[in-house]
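Given chain A, work out where chains B and C should sit, using these hints.
Chains as they are written, first to last, in my numbering: chain A, 1426 to 1606; chain B, 509 to 803; chain C, 1053 to 1245.
Among the hints, a few may not be true.
Beta-carbon label-pair distances, calculated as ranges [unchecked claim]:
#, chain 1, residue 1, chain 2, residue 2, range
1, A, Asp1445, C, Lys1215, 51 to 61 Å
2, B, Tyr568, C, Lys1127, 31 to 41 Å
3, A, Asp1579, C, His1190, 28 to 38 Å
4, A, Glu1449, B, Glu779, 48 to 58 Å
5, C, Cys1083, A, Glu1582, 25 to 35 Å
FYI, nobody ran anything at the bench for these hints, they're computed from the structure. In this text, all values refer to a predicted model and were calculated from it rather than measured experimentally. Each residue gets a CB set at the ideal place from its N, CA and C atoms; glycine is no exception.
One letter stands for each residue in the lines below.
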Amino acid sequence: MKVSEIIYEIKKHFDVLSIDEKNEKYAQIEINEKDLRNVLLHCKHNMNFIHLSAISSVDYIKDNKFSLVYNLFSYKESILLGIKILINREKAEIATINDIYHPAIFFERDIHEMLGINFIGNNHLEKFILDEWDGPPPMRKDFDTLEYVNDTFDWYEYDPEWAKKLGIKKEDLAGEEMEIL
Amino acid sequence: MVILNGLIYLLVSFVTGLILMGISLKVTARVQKRIGPPIMQPWFDILKLFSKKTNISHGYMMDISVLMLLGGTLLSLFFLPNPYFAHTIYAADIIVLLYLLLFPSLGMAMGVGEAANPNGSIGISRALTMLAGYDFTITIVAVGLAIAANGITYFPAIVSSQAGGFIHWNILHYPLFAIAGFIALLGMLGEKPFEVMVAPHEIATGPMTEFGGKYLGMLFVQHAFALFIEVGIFVNLFLGGGNIYSFIAKIIGVFILLNFVNIVFARFKTEEAVAFFWKYPIILAMLQLIWVVIR
Amino acid sequence: MSNKKIVDQKAAWNHVYRRLNKRSLWMLHYCTGCGAVELPPTMTSRWDMSRFGVAPMVTPRQADILLITGYLAKKSLKRVILTYEQMQSPKWVVGFGSCTINGGMYWDSYSTIKQLSEYIPVDIYIAGCMPQPEAIIHGFNVLLDKINNGTANAWKDYYINYKKYRENQVKVLGEFVTNTDIEKEARYYGVVK
Chain A
1426 MKVSEIIYEI
1436 KKHFDVLSID
1446 EKNEKYAQIE
1456 INEKDLRNVL
1466 LHCKHNMNFI
1476 HLSAISSVDY
1486 IKDNKFSLVY
1496 NLFSYKESIL
1506 LGIKILINRE
1516 KAEIATINDI
1526 YHPAIFFERD
1536 IHEMLGINFI
1546 GNNHLEKFIL
1556 DEWDGPPPMR
1566 KDFDTLEYVN
1576 DTFDWYEYDP
1586 EWAKKLGIKK
1596 EDLAGEEMEI
1606 L
Chain B
509 MVILNGLIYL
519 LVSFVTGLIL
529 MGISLKVTAR
539 VQKRIGPPIM
549 QPWFDILKLF
559 SKKTNISHGY
569 MMDISVLMLL
579 GGTLLSLFFL
589 PNPYFAHTIY
599 AADIIVLLYL
609 LLFPSLGMAM
619 GVGEAANPNG
629 SIGISRALTM
639 LAGYDFTITI
649 VAVGLAIAAN
659 GITYFPAIVS
669 SQAGGFIHWN
679 ILHYPLFAIA
689 GFIALLGMLG
699 EKPFEVMVAP
709 HEIATGPMTE
719 FGGKYLGMLF
729 VQHAFALFIE
739 VGIFVNLFLG
749 GGNIYSFIAK
759 IIGVFILLNF
769 VNIVFARFKT
779 EEAVAFFWKY
789 PIILAMLQLI
799 WVVIR
Chain C
1053 MSNKKIVDQK
1063 AAWNHVYRRL
1073 NKRSLWMLHY
1083 CTGCGAVELP
1093 PTMTSRWDMS
1103 RFGVAPMVTP
1113 RQADILLITG
1123 YLAKKSLKRV
1133 ILTYEQMQSP
1143 KWVVGFGSCT
1153 INGGMYWDSY
1163 STIKQLSEYI
1173 PVDIYIAGCM
1183 PQPEAIIHGF
1193 NVLLDKINNG
1203 TANAWKDYYI
1213 NYKKYRENQV
1223 KVLGEFVTNT
1233 DIEKEARYYG
1243 VVK
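With the rest of the complex left out, here is chain A (with noise of 0.2 Å):
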């Protein structure tokens, strides 16, 4: 089967509010947010979509909501279709998936650290990959990385005379190097 076949199907029974086919082999459509579960379960056993790549996460700050896309993979046809969700930035909230797909738990718990977006019914959020760190979620638009940078860290003082310090001569050098003597 061809990807619009496979739009055309999912378009039979749910309401699909935009396409965007990137090649023959990949596709990405976007629905409701209340018609998430009953796509999940019709993509997976109607339609033999039976793995779960990633979920990706994106923060429209302007639009003041956060996207998500569930990434599926079909192994009889070859054919990974995206599933593109908005949710509300203010309150970060969304059902888990891992009873359709159980390799949900991870990316689950990757989006909750790095971006903050609560997923009600999953017990494994701990932290995964930044041990030590106590501020705000970091891949979010409103958190300046200089800024923190600069307030945690020093840094080595500039010392313009640090060529001749360390006795290198203009021959030593080449091209632009030079101006700086």
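Structure of chains B and C alone, referenced to chain A:
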């Protein structure tokens, strides 16, 4: 006079062992088309290890284990027939010498058990498992050669039965024993393909993981003596001993051959190594043994 | 008169120790960051490092040099500190690449450290991103000269200024527990009264 002779013998065997370790580094480097470390590099390693300011020990068993290692090796040094020490203990025979060579492994097992590092325990259990392979082979070879030399296991008798030139050497009369003995020698020294007990990048140097500083220096010294003894056993059994110059020359020659095998091969797993010993070298040794007994 | 003779003997022994120490150095093969990809070419046939006596070794109990190759995340920093305290003195630390000097390519990242010498004492830095194998061998030769002169004593600095290092470590990592008794070792080496 006896004491002076003994000290000269200790000095000669230690220096030969160090030169052998340096030669193995240099030969490996030249085969891989690079300049290796200088030949006296193991000497600098030992001196650096002895000059470390702290030594971390995990208890009394670990201190005693180093003494047992070195003591067992030094004791078996004086049971080996050689042209340097005129008062070799003649009342003992080759079976006693092969038995005394088990003491270093057991001593290290005690020390590793005290240190309680899982890498060390895995390494030492592999080493003691591989003993079930090469020890049988070398014992069959030694007993077969003793039967061939008038039926007593008296080591100098085996050596003197090969006197009188190149034609009388055992390697020409009993070649299958020589092949089995060579493969067993690879296992005794821990050269590839039987290197799984050290296995540097898998279990972090195996049983030597928690030994550092002066303890590791003692292990290097013991390795130098052990090289001399074990290659010396092979030279005595098959190549006829020799006078004070040809003994060292033969040891260096056999060791360079061992090194060529070491450079080319990969490692066997433990089960594969024991299975290999029970298939090919022991069958060759048995065939040769039947031929000796019938004659 | 007799006091002077004892001091001269000790200095002579130290001179001999240093000359022998520099002929055989073992580096810990702990690849902390992306700079470790330049170590295999340095160790193999083309730019042979073993002719200087430098060989790779796999456990911290037996190694002399700790090589920090590249950036250090906060998570690795804790493990590196625990490894450094398990090594036996005398020991040397070499900082590899620009990330140990002033942050390097990851200077504006929230989770890597910027200056290595605030947390453990460093003897020598090798600049580059990544340094070429010729630069690595030149760096090791400079370290060998420093050991020969007796000026590579940064490991003593750890005991003398331990309060400052511990303060910096706790500020970044929070309270954590080490199993080594630093005060007892400092008194054993005679560095601190």
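Quick check on a hinted range of 51 to 61 Å for Asp1445 (chain A) and Lys1215 (chain C), using CB atoms only. 59 Å, holds
Would you say the C-beta atoms of Asp1579 (chain A) and His1190 (chain C) sit inside 28 to 38 Å of each other? The hint (28 to 38 Å, Cβ to Cβ) holds, given that Asp1579 (chain A) and His1190 (chain C) are roughly 29 Å apart.
Taking the Cβ atom of Glu1449 (chain A) and the Cβ atom of Glu779 (chain B), is their distance within the range 48 to 58 Å? 50 Å, holds
Looking only at beta-carbon atoms, does the pair Cys1083 (chain C), Glu1582 (chain A) fall within the given range of 25 to 35 Å? Hint holds: Cβ distance 31 Å, inside 25 to 35 Å.
Is the distance from the Cβ of Tyr568 (chain B) to the Cβ of Lys1127 (chain C) consistent with 31 to 41 Å? Holds, since Tyr568 (chain B) and Lys1127 (chain C) (Cβ atoms, about 38 Å apart) stay within the stated range.
This entry satisfies every hint, going by the numbered hints stated previously.
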